[in-house]
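With the sequences and hints as input, model every part of the structure.
Chains as they are written, first to last, in this note's numbering: chain H, 101 to 672; chain W, 2 to 173.
These aren't lab readings, by the way, just hints derived from the structure by calculation. Please read these numbers as outputs of a predicted model, since none were measured by experiment. A hint or two may mislead.
One side only, chain H facing chain W, incomplete, derived with CB under 10 Å [stated by the list, open to error]: (1) Pro220; (2) Gly248; (3) Asp401; (4) Arg402; (5) Ala403; (6) Leu405; (7) Lys407; (8) Gln431.
What follows is a set of in silico ranges between Cβ atoms, one per label pair, in the way DEER data are often shown [stated by the list, open to error]: (9) H:Thr388 - W:Arg13: 22 to 32 Å; (10) W:Thr55 - H:Ala232: 18 to 28 Å; (11) W:Arg110 - H:Leu203: 48 to 58 Å; (12) W:Ala32 - H:Leu270: 29 to 39 Å; (13) W:Ala32 - H:Asp380: 21 to 31 Å; (14) W:Thr55 - H:Asn583: 56 to 66 Å; (15) H:Gly612 - W:Ala32: 45 to 55 Å; (16) H:Ser279 - W:Ala32: 19 to 29 Å; (17) H:Arg229 - W:Thr55: 11 to 21 Å; (18) H:Lys206 - W:Glu22: 23 to 33 Å.
Just so it is clear, CB atoms sit at the ideal spot from N, CA and C, and this is done for glycine as well.
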Amino acid sequence: MNGAEVVLECLRREGVEVVFGYPGGAVIPLYDALHKVDIRHILVRHEQGAALMAGGYARASGQVGVCIATSGPGVTNLVTGIADAYMDSIPIVCLTGQVPRPLIGKDSFQEIDATGITLPVVKHSYLVRDLAELPQVIAEAFHIARTGRPGPVLVDIPKDVQLEAFQGSLEVDRATLRSKQPAAEPDGASLAAAAELLNQAVRPTLYVGGGALASGATAELLAFAEAADIPVTWTLMGKGAFPEDHRLAVGMIGMHGAAYANYALTRCDVMLTVGARFDDRVTGKLATFAPEAKVIHIDVDRAELGKNRWPLVGVEGDLKTVLQRLLPRVQRHPERAAWVTQVQDWKAQHPLVPHRVKETGEIRPQHLLEQLNRLTGGQAIVSTDVGQHQMWAAQFYRPAEPRLWLTSGGAGTMGFGLPAAIGAWFARPGRANWLVTGDGSLQMNIQELAVAVLERVPVKVLLINNGYLGMVRQWQELFHGRNYSETWLSTVATPESPRISPDFVKLFEAYGAVGRRVFDDADVEEAMAWAAAVDGPALVEFVVHDEENVWPMVPAGGDTAAPILEPEGVDA
Amino acid sequence: MSSLNGSGPRTRSHTISVEVENRPGVLTRVAGLFARRGYNIESLAVSTTERPDTSRMTIVVDADDAVLSQICRQVGKLIDVKAVNDNTDVAVVARELALLKVACGSADRPELIQFCDVFRARIVDLAEGEMIIEVTGNRPKIDAFIKLLDKFAIIEMARTGEILLARGLQDT
Ligand SMILES: Cc1cc2nc3c(=O)[nH]c(=O)nc-3n(C[C@H](O)[C@H](O)[C@H](O)COP(=O)(O)OP(=O)(O)OC[C@H]3O[C@@H](n4cnc5c(N)ncnc54)[C@H](O)[C@@H]3O)c2cc1C
Ligand SMILES: Cc1ncc(C[n+]2csc(CCOP(=O)(O)OP(=O)(O)O)c2C)c(N)n1
Ligand SMILES: [Mg+2]
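If you want it as structure tokens, here you go:
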């Protein structure tokens with residue numbers, strides 16, 4: 101058994117069934133051994149796709165995603181996908197080849213300091229210098245990726261280590277694996293303080309983040325919110341943790357959250373922040389963010405407690421456990437019902453408008469997402485790219501379960517969507533699988549369409565084509581005097597620019613998939629149903645109004661309590 | 002934690018002790034974290050300890066209470082870090098060593114030697130027109146000594162950065 105075979109056997113022992121990768125000189129031994137074990141390899145077309153597929157796999161399943169790349173440009177191509185996982189606390193393990201040990205440090209062919217270049221965006225990393233430690237390293241890499249606050253771990257393995265004959269034992273003493281996680285039992289005094297503060301609250305609001313999904317705490321969250329009668333708001337990453345049609349469900353908060361959700365969050369007397377990290381896209385200007393709210397913050401990472409906002413009570417621990425411990429201690433405050441009613445009133449007064457169609461038949465993007473929701477019943481895995489389409493999807497798609505909503509929040513990685521959707525398919529094959537993307541983002545990892553076609557991944561691509569890098573154009577419109585500097589993409593023909601590139605439908609056809617372009621709102625329903633019925637990947641491209649904006653909006657650094665609502669006179 | 006609520010931006014020097022596993026790259030991880038998160042390092046000393054698998058990094062930072070707490074918690078998250086202790090309000094023995102090459106003619110010598118006596122500094126090299134002085138002590142003492150030598154020309158200087166151990170049975 102050589103080092104490469106050790107790697108694969110260790111992967112198998114970790115329960116890995118599928119890996120996403122791309123070969124090269126420094127991982128040839130790994131690829132040589134690949135087909136000796138029962139692990140499926142998905143050959144990507146760009147290493148960024150491999151890292152993002154591993155991320156999509158992890159997001160959809162909660163299991164560690166795995167990707168492989170060669171040294172040098174192979175690993176540099178992974179970096180964006182690793183950073184994406186890091187920012188959203190997603191567990192992935194990246195295996196990279198390195199030049200043989202004697203060549204390290206000599207600027208050898210395709211030598212890049214992999215652990216160095218990824219240092220700021222990994223939870224941990226290894227350069228394996230000694231074959232004997234390989235089983236321990238791989239086991240620990242998985243352990244670190246999935247425990248505590250999840251995140252990406254990189255294992256860099258020199259080629260000569262992969263080729264060396266292995267004499268030792270594959271058994272690993274799991275008790276010796278390192279990781280940073282809080283004590284299994286949360287601190288009793290903090291729990292008591294949290295319960296006491298919460299029980300006095302007249303206007304409490306829950307602020308639910310991605311940590312609720314990471315913790316698998318959705319059942320506990322539901323029981324808790326109901327027991328204490330607390331309205332529930334969520335971040336972009338917390339979508340799916342709480343049923344959106346529930347009586348206590350409010351909506352997404354933050355820059356493009358619903359106005360009523362931001363009102364509920366900023367006017368509460370006690371804010372219960374669970375598995376969320378007071379991101380600036382949520383808080384706007386920190387100094388004016390809910391100044392009167394007393395904060396209870398529950399997080400598995402104690403560094404989050406007080407990083408941006410000092411909590412009155414901080415509880416360090418896994419959310420699932422903490423909520424289980426808190427549940428018997430909380431009561432319904434008699435005056436709370438009025439607050440719940442107030443929040444529901446706000447919701448009725450400032451609804452998110454799914455925009456009526458114009459007489460011209462021009463398609464409104466919000467309407468597309470409403471339709472997707474209706475078609476799928478919220479049961480589909482919906483991956484998004486980054487931009488306006490992402491925000492409309494967040495506003496109007498209502499996932500029926502956890503881990504159906506896959507989006508790049510912290511890094512905002514354009515090009516995330518297609519690989520994430522493909523990765524998710526391997527985690528949950530058989531699930532309806534939609535990608536909501538933009539004409540800019542789709543071009544960032546379009547090469548992975550080959551994977552969808554060849555591996556028979558029936559991803560349905562809902563392309564909202566506004567001809568623009570729309571999210572940037574919106575900022576240019578609102579804050580830079582409509583100076584649309586370098587944001588027009590020419591993916592839609594206009595009288596001024598009649599040439600288009602690319603023609604997405606032909607592009608899909610070139611890859612061996614199918615596609616349709618739709619201009620008229622009357623055809624939306626039928627086109628989506630067509631795509632859903634296609635046996636394989638399919639594109640439905642909707643050409644929409646080019647200057648549509650995302651509302652409401654809290655400008656960067658603005659006051660979350662006072663979002664800009666859709667301007668009067670915009671034809672709703 | 003709530004006591005830190007509303008703590009102002011008043012910063013001061015803190016000495017934190019970071020016990021790390023002796024693994025390649027560990028220094029880069031800690032230093033990289035400081036750089037990335039914008040924490041100010043005043044000095045950093047790395048040394049072996051009583052255990053061969055462990056090193057100690059003694060780091061002096063300039064921070065307010067909230068930032069100090071963030072530093073300790075963020076550093077504490079690194080897998081190779083075994084323990085982080087803020088030694089600011091703990092009884093410690095703290096030492097730093099400085100070497101100073103000072104220009105001095107024979108006329109200045111008696112005064113310099115007198116200064117060195119007061120600070121228990123030692124003259125470790127003497128050449129035509131210059132000498133090298135070695136001084137140890139805690140940071141304030143060394144700062145004071147250097148200030149005193151300002152009236153002579155300091156040609157070159159090197160400081161080790163402060164190291165410390167907590168007194169008595171307290172862990173550092
Ligand atoms: C174009 C664009 C616009 C955006 N607009 C918005 C917006 O309007 N609103 C919005 O909310 N976001 C928006 N975002 C996303 C935003 O940038 C952040 O990614 C997001 O707000 C962070 O979500 P979160 O606080 O849930 O944290 P996450 O990044 O999901 O972090 C999870 C937290 O949970 C903790 N955790 C993990 N596991 C556990 C566990 N087991 N138990 C307890 N805690 C755990 C982690 O330590 C961490 O603190 C936007 C992004 C883009 C790209
Ligand atoms: C890799 C990357 N580069 C640049 C950006 C900045 N950016 C954010 S949104 C956006 C526009 C996205 O355009 P498109 O995919 O067409 O979506 P739209 O906003 O038009 O719906 C850009 C350029 C980014 N988020 N990611
Ligand atoms: Mg666009």
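Regarding alanine 32 of chain W and leucine 270 of chain H, is the given constraint of 29 to 39 Å on their beta-carbon distance met? This hint holds: roughly 35 Å between Cβ atoms.
Evaluation of the interface hint that places lysine 407 of chain H against chain W, nearest CB under 10 Å: 6 Å, holds
Between threonine 388 of chain H and arginine 13 of chain W, does the beta-carbon spacing fit 22 to 32 Å? At 28 Å between Cβs, range holds.
Given hint glycine 248 of chain H near chain W, where the shortest CB pair must fall under 10 Å: 8 Å, holds
Should the interface hint for glutamine 431 of chain H be scored as holding, given a Cβ-Cβ cut-off of 10 Å against chain W? Cβ of glutamine 431 of chain H sits 23 Å from chain W, so the hint is violated.
So, as I understand it, the hint says alanine 403 of chain H touches chain W; can you test that by seeing if any CB pair is closer than 10 Å? This hint holds: alanine 403 of chain H lies near chain W, its Cβ roughly 4 Å from the closest one there, short of 10 Å.
Once the shortest beta carbon distance from arginine 402 of chain H to chain W is found, is it less than 10 Å? Since chain W brings a Cβ to about 5 Å from arginine 402 of chain H, closer than 10 Å, the hint holds.
I want to verify a distance hint. Is the separation of the beta carbons of arginine 229 of chain H and threonine 55 of chain W within 11 to 21 Å? Given about 19 Å between the Cβ atoms, the range holds.
So the hint says 45 to 55 Å: do the beta-carbon atoms of glycine 612 of chain H and alanine 32 of chain W match that? 50 Å, holds
When you take the CB atoms of threonine 55 of chain W and alanine 232 of chain H, is the distance between them in 18 to 28 Å? 21 Å, holds
Would the hint on leucine 405 of chain H be counted as holding, given a Cβ-Cβ threshold of 10 Å to chain W? 7 Å, holds
Range hint 19 to 29 Å: satisfied by the CB atoms of serine 279 of chain H and alanine 32 of chain W? 23 Å, holds
Violated hint for the displayed structure: number 8, the only one.
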